[in-house]
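Using my numbering, read the sequence shown as starting at 1 and increasing by one per residue.
Restricting the straight-line Cα-Cα distance to at most 20 Å, the calculated cross-link-like pairs of lysine to aspartate or glutamate (EDC-like) are:
1. Lys142 with Glu37
2. Lys142 with Glu52
3. Lys142 with Asp57
4. Lys142 with Glu101
5. Lys94 with Glu157
What follows is a set of in silico ranges between Cβ atoms, one per label pair, in the way DEER data are often shown:
6. Arg128 with Thr86: 18 to 28 Å
7. Arg28 with Glu52: 17 to 27 Å
8. His85 with Gly47: 38 to 48 Å
Derived from the structure by calculation, the hints contain no laboratory data.
If you're wondering where the values come from, they're calculated on a predicted model, not measured in any experiment.
Even glycine gets a Cβ: it sits at the ideal position worked out from N, Cα and C.
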Amino acid sequence: MLGLLPPHGALLELELAHRFRCSQSTVRESLLRLQEEGLVIRVPHRGTHVAECLMDDMIELLRLRRDIECRSIVRVVQRYGRLTHTALTNLVEKMFDAAKEDDEYALSRLDCQFHMRIYEDAGLPSVRPVLYRCLVHNHRYKILNAERNQPLFVIAERHIPILDALNSGDVAKAVDALAHHITTIVDFGPSVLDTQPAQDRE
Numbered sequence: 001m002l003g004l005l006p007p008h009g010a011l012l013e014l015e016l017a018h019r020f021r022c023s024q025s026t027v028r029e030s031l032l033r034l035q036e037e038g039l040v041i042r043v044p045h046r047g048t049h050v051a052e053c054l055m056d057d058m059i060e061l062l063r064l065r066r067d068i069e070c071r072s073i074v075r076v077v078q079r080y081g082r083l084t085h086t087a088l089t090n091l092v093e094k095m096f097d098a099a100k101e102d103d104e105y106a107l108s109r110l111d112c113q114f115h116m117r118i119y120e121d122a123g124l125p126s127v128r129p130v131l132y133r134c135l136v137h138n139h140r141y142k143i144l145n146a147e148r149n150q151p152l153f154v155i156a157e158r159h160i161p162i163l164d165a166l167n168s169g170d171v172a173k174a175v176d177a178l179a180h181h182i183t184t185i186v187d188f189g190p191s192v193l194d195t196q197p198a199q200d201r202e
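Construct all of the structure, not just a fragment, from the sequences and the given hints.
Below is the structure:
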């Protein structure tokens, strides 16, 4: 996620076990999970390597993520209540704390949790792993490739319009807030994608 190991870099179980002072079986389980998330590539008899982080992959996952999140908003707004509002508000506060500590990785993890918590109210558990994978790879690409040209607290602030839109109960406003947030996740200009959200095309 942080680029400490380059794409195609080898990951040796014994070396990792020694580095993190844990058993080799624990390392193997962790690598299997990373494989499921698409962050490492495991090839029989050839070992485990860090997966590439390609812009083409990121764009397709970003399109998929936008469609998944924006299509779900009607269901989310119908179920949105005090518990979700409190959970999201707490996550935004933690994002500001991470920004103050200049901890980009922690902020990224909290960002993922924020979006996954919103999607929890959609009541579509089979789709959640797909969205999570999109989020992980979108944030990995951002961390590895986008230049840090703004303070981290700006990233935390970008979640407030989403929270405000959900609080309003306005589906169209929530879709617009999410779509803008998602398509401007990396610093390549006004929008990474040039098409409208799925909600607007229907």
